[in-house]
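Peer 1: The lines below spell out each chain.
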Amino acid sequence: MPANVTHKSQGIGAAMNRVDGRLKVTGKANYAGDSQFASPPLIGWVVGADVASGTLTHLDTSGAESQEGVHAVITHLNSVEQAPFGSPEDMGRFGQSRAMLNDTTIRYAGFPIAMVVADTLEQARYAAQLIEFTITPAPISLLSEHQEAQVVPEDDDGGYDPDAGIGNIDAALADHQRFDMTYTTPNQVSAAMEPHTCIASYDGEQLEVQASVQILASAVDCLASTFKLPADKIRIKSPYVGGGFGSKLGLHNDAILACIGALQLQRPVKVAMTRRQVFHNAPHRGKSIQHMALSVTDEGQLAGVRHHSAMPMAKDYAFAEGTGVAARINYQAAAIDSQHRVKVVDSPMIDSVRAPGDAIGSLAFESAVDELARTLDIDPVTFRRNNIAPVHPITGADFSTNNLDRCLQEGAAQFGWDERTYRTRGTRKNGFGVALGMRMNMIVPSEASLTLHPNGELVVHTDMTDIGTGTYTILTQIVAEHLKVDANRITIDLGDSNSPTSSGSGGSFGASSAGTAVLNACEALSEKLCELAGLARGNSLVQLAGDNVIFGEGQTQQQHAVPHLLNSDSPLTVTGSVAPDEGNDEYVQYSSAAHFAEVEVDTITGEVRILRQHGAFSAGRILNRKTAGSQLKGGMIWGASYALLEDLQQDPRDGSFVNCDFAEYHIAVNRDIGDITLQLIEEPDYKACKLGSKGIGELGITGSGAAIANAVFDAVGVRVRDFPITPDKIVKQLSETR
Amino acid sequence: MSSITINQQEYALPSDPRTTLLDFLHQNLQLFGARKGCDHGQCGACTVLVDGERMNACLLLTFQLAGKAVVTIEGVADNDDLHPLQQAFIDNDAFQCGFCTSGQICAGIAAQRELQEQRPSAVWFDAYYTRLEDVKERLSGNLCRCGAYPHIIEAVTSTDSTPEA
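As given, the protein sequences belong to chains A and B, one line each in that order.
The numbering of the first sequence is the UniProt record's numbering, which starts it at 1 and goes up by one.
The numbering of the second sequence is the UniProt record's numbering, which starts it at 1 and goes up by one.
Derived by calculation from the structure, the hints in this document are not laboratory data.
The structure displayed is predicted, hence computed values, not measured ones.
Note that CB positions come from ideal geometry on N, CA and C, so glycine has one too.
Ranges between beta-carbon positions, derived for each pair:
hint: 1; chain 1: A; residue 1: 40; chain 2: B; residue 2: 78; range: 23 to 31 Å
hint: 2; chain 1: B; residue 1: 91; chain 2: A; residue 2: 664; range: 32 to 40 Å
hint: 3; chain 1: A; residue 1: 134; chain 2: B; residue 2: 81; range: 53 to 61 Å
hint: 4; chain 1: B; residue 1: 40; chain 2: A; residue 2: 36; range: 23 to 31 Å
So here's chain B without its partners, still in its complex pose (with noise of 0.2 Å):
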């Protein structure tokens, strides 16, 4: 298998071994809306959904990505239809230059899966963790320089169906 599937279209991989995800979507696709912040794996801006699960596109190399399915912000949304979280981040105002939102939004939807899946996270080895901490720190490889975090974690609890532990 030699294509990669992004946004429900394949794409054949890229001849260069050292094209990342990323860069194959911004070089070789066109495709801006995950956004390198660093290239390092420490920002966030660029996570997309590789089958369902949250990743930096930064960190991983297309050609190890043959047969996957990759969901950017651009394949969030049902054609006109914004996805319900991306219409919370307007509401609750949760970005503020909106070059990290792409991948909040991204890291948002995994992160709802999550905590559906009842995965756990670092907090709750903490005897006094709380639900909204929980949170807090599912969305911490995201980060924000604009500091809308409140907004954020307004956007993501307020279209979270996950019943309370």
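This is chain A alone, in the form it adopts within the complex (with noise of 0.2 Å):
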């Protein structure tokens, strides 16, 4: 192919399709649990625990080792050696030692007490039953209400400090009309549609490993902390992942299970979680009880602030989740008072859920600050444009970028706000709502490899992973911009432990780290083909075409071949790198949203039907808009399916989770979601990265089900404080007030 003829549609920004789509539409996309081991891997089937804690008394597996095909029961008493739950304290989370089936303790409900192994799925399903237990439970502690919640965290994830603020509260609440408000959201879970799965192989000093994890690097250190072998002994691969959510951050009981039984018995061993165990094996985000106090003077400008939020912690695992950060930023106040606190308690892992703190701050929050605006009868678009801050509203920091008030204004004409029109159709009347959202950008250190081959092909390597998100498509389009390549020439070899360290997918800063990784890559390799060219460094001009590299342009272009540049056989790799310091961290960085819902509410039934959500998003330089519009309109519809439904049921008597399925855990199917559009505003953010992007994944989510809620007051004049909306609690106030 000749030079130049990058196609347009490929470059960065381009509405391309997704690379590895041909492979996810004809099944063909490999997943952790399609082995791609020699021999067909062994099958585990997990046993769990059927209290929240106690001590496992007695245990008979005689039955089931007995059994046709069964080749192992493991248990405490004869599994492989782990370090302590926990250990080394100095890693991350993701990092330490994940240890199970090595004591009797039970850590949480449904905590894994035996695993039995053979030669197919319906033999160890089997024989499973056949194991006796009996377990001496011990008190459980769970978190029923705020003032439970007492201890501080040391710190929220994202790296807030659990407490921040300005002003003096108290005065600023005192003085002016002054708002009480208690919110709660319940416990949730991420509910990616592929269960965690893993195929272990070990062949007694190297430990393969298939997993559906969003992060490899940590996931290594997890293993090799877990198991006590050098981290160059473990391998894994995660090309694919069905969904993450933040659930797939790190590995859960099917890795070490695999791993356990591989350890074990030297043959591959596939553990795939069922649905149900998913639902209490793999992390939840905690219920939150939110209590917010806002004040409002008389000319609609917010005063004072205060959100305090309670959440349980899970017990020996620290994590906090943000939920008042939204109340940091939203909008300037003269007074701010956020408060986090936890209460330790017996439940199952507690960590990320798809944009921890605001997806569930946002929910209340800018559902209570809509309570304002209806009460003192200002237009609620009106209301947040005159509130939003110009300025960190507590750090007083300038933003790099900050499209917020062109969200709401810009979006608002275009959903229609103030043409609105009301309509009773039966029984229904519908309503509309407005909600913002902001969400902080970051950058985690990223590196990626890129290699050119003699024939002209390019090959990314870095053990970054596209959940969904569209990394393959995105690291393809920033190669064939920079380089002016054509995208079939260029191959991005993603989840790979064996890869540079990538900053993994999480927390949305995937894209920009990972991707500018690779954009100082492309930048390396021009550089080095300057200098194998003998001119002068720094040309940024430099194509590839075929396997010629033309170098300038017009008169002073010159062209060589790529062997002969590389004057030998061998390819040529380089890398690249990113680390935070790079954005500019005088500035607050945050990408911005606006949204806006109308549903219909019928008055008999209660239920609410979305008739169309709409969002204006300014989240920097958008590198693909066909796959960030996908998933922006993800993130709005689990912000409807929050609003509406999503509500994980705890047993306050054994602790463990009540409705473990899609029947009764519900999200929100096809006909839940009403028309969704959206209108991206697009401002680069240098500031940010050098690819000039902030973050997309979490951005849809927030504030997105605010919305829905303050339109389902807008059309019956309920407002529920305790979600999920469901149709009883619509009926119930209609019928207090009729």
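Using the supplied hints, reconstruct the complex from the two chains, each of which is provided in its own coordinate frame.
Peer 2: Take a look at the structure:
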């Protein structure tokens, strides 16, 4: 292919189809459970504890062991040696030992107490039913009231201080019209469609693992910590991940148990959590109780903003969610008081679920703010525009870029906010809602290599993952644009722990972090090629055309054959990396969103139907308009699902979750969702990173649910403060006001 | 009859009567395209076509399918030529992680046929229902946690030749 024909449709920002699309629509993308090992794996079936806390006092596996096809029943009595759970202390939580089957202590409901390993799934599943066990239960502790949460977490996820504020909050609340509100959000789960699954193989020296994990490097650390193995004897592959949403940031029971099986039997062993097991054995988001007090001047200016969050923290696992951070950033106020407290509970692991802090914080806080605007009879869009902050409301730092006001203004225009019309259809009334969202942006250290082969093909290696975010595609576009090369000459190799260490996927940091590393690798290759051609360094125009490199343009253009430049048949590899300080840290970096919704509420049944959602987003430079739009819409749907449906209920007697399947834990289905539209207000943010992009993976959800909650109020005057807004709660309030 | 046809190839039924069609595809045939998202018939990720009708492979015992013809996602394309709905999924970006996609496409193919044959859906009993809601209703047995729903609907409607009722 000649130079300069890089399709515009393949460069940064283009709405290019996913490069892995064909594999995914033909069922050929390899997820963790699709064994690539030479011999078929044995199947491990997990038996879990039926109480949340206690001691395993009786265990009889003889019935299971004698079954056809059973190779082993692994329990704490015969498992391989493991380091204590949570060690070493100085390692991040995803790199610590996640030991199990190593003692008689029951850490939470569903905690594994035995694993049957058999030739087939059917054999293992049946034999597991024959295991007899007794657990002597211990008393459990859960969070039920706000005041029970007294522990100050060391920090909140995302590096936030548990407490932050400015001004005299008591005075600000006392001097103006004051609103006190308590909102609650329930336990929630990621519910990625792919249950956590792992196949491990051990040949006596090397541990090879197919896992479903968002971050590979720390997953290697985790296995090294757990099994006291050198990290260089462990290789994890995770080329395709069937959804993560935080629940696959680290490795979980499937991976530890598959490795235990493989280490013990020296055969490949596959462990797939059942869907029911995922609810207990993968992390969940704890419930929140959010006490808020807000005050507002007669002119509609926020004066005092108090947000006190109470949440559970899982025993032995120091994760706290920054549920109140929306109160610190969304609006300016004379006084702000944000506080997070936790209670240590006997719950399964509590960790990140998509948009930690903001997903449920924005749900409550943006509903509360809406109550003010509605009570004062100020247009909710106007109220928000009058109160958003020109600088960080607490620190006073400038934003790197901030288009929140444009999101609100232009979003309202496109949604038709000022032209909204009310109607009644039979027993249904419509209503409109708005909410905003601010999501912190960050860069995480990342490295990638770029290899130029003598035939002119380019291969990127990085242990980055594509969890549906479109990483394969946007990295292809970055290389295609920089080296003016056709996408089909580029291979992106992801999800292999032997590759250079990346940020991994999570916290909306993946695209900017891994992308900037790849961009830097491209620049390194350009420079190296200039050097090999004997040209001045920094000649920015270096293009690849087939197996030729073209330098410069016009009169000074030069062309060299790649094999000639490389002066050998061996490929040329360069690396690129990025570190957080490359961004400009004197500025605060946020992506911004304005959400609009129209719903219809049935005044008899209390059913809410979402007619439409519209989002206006600003997140720096957009790397692929198609995949970015998909991710944002997906987040908006999460918000809808949080507002109306999701509620993981915990049995107060034994701490177990009650509704552990999709018939009982409702996530939005196709017909729950109305028309979804969005607009992108694009302004590259080069203070955020060299690519100019900012995170979008969690932006779509931030504020989305509150817009729907606010629309429900607009439709029928019902304000439900304990999410989700289910028909029973609406009917109850309607009947009280009738 | 003790065989089953899968993607036009005949296979002996498994010896273990407990083996579901989904586990048969995975364990016995190494056909991983139909996905196990719940194993309870609640998510639709394992949707396949059995004699042209969409079914959850996790809810079928293979031994009951003697003489049946099954098409999985691996059998939807005509060799290298993608089915129009597969191409529409790519063009409309109707997936993100891809795990539910096999089931969505099989369900979409079957739903298009149901629309052609004017088979009723639950929304037909709602006085205000629209064609769009009908399509959404028919695809609500297939969960997508990435939230690709709007694009799935665009893919299915853009390749649906059923005239408006």
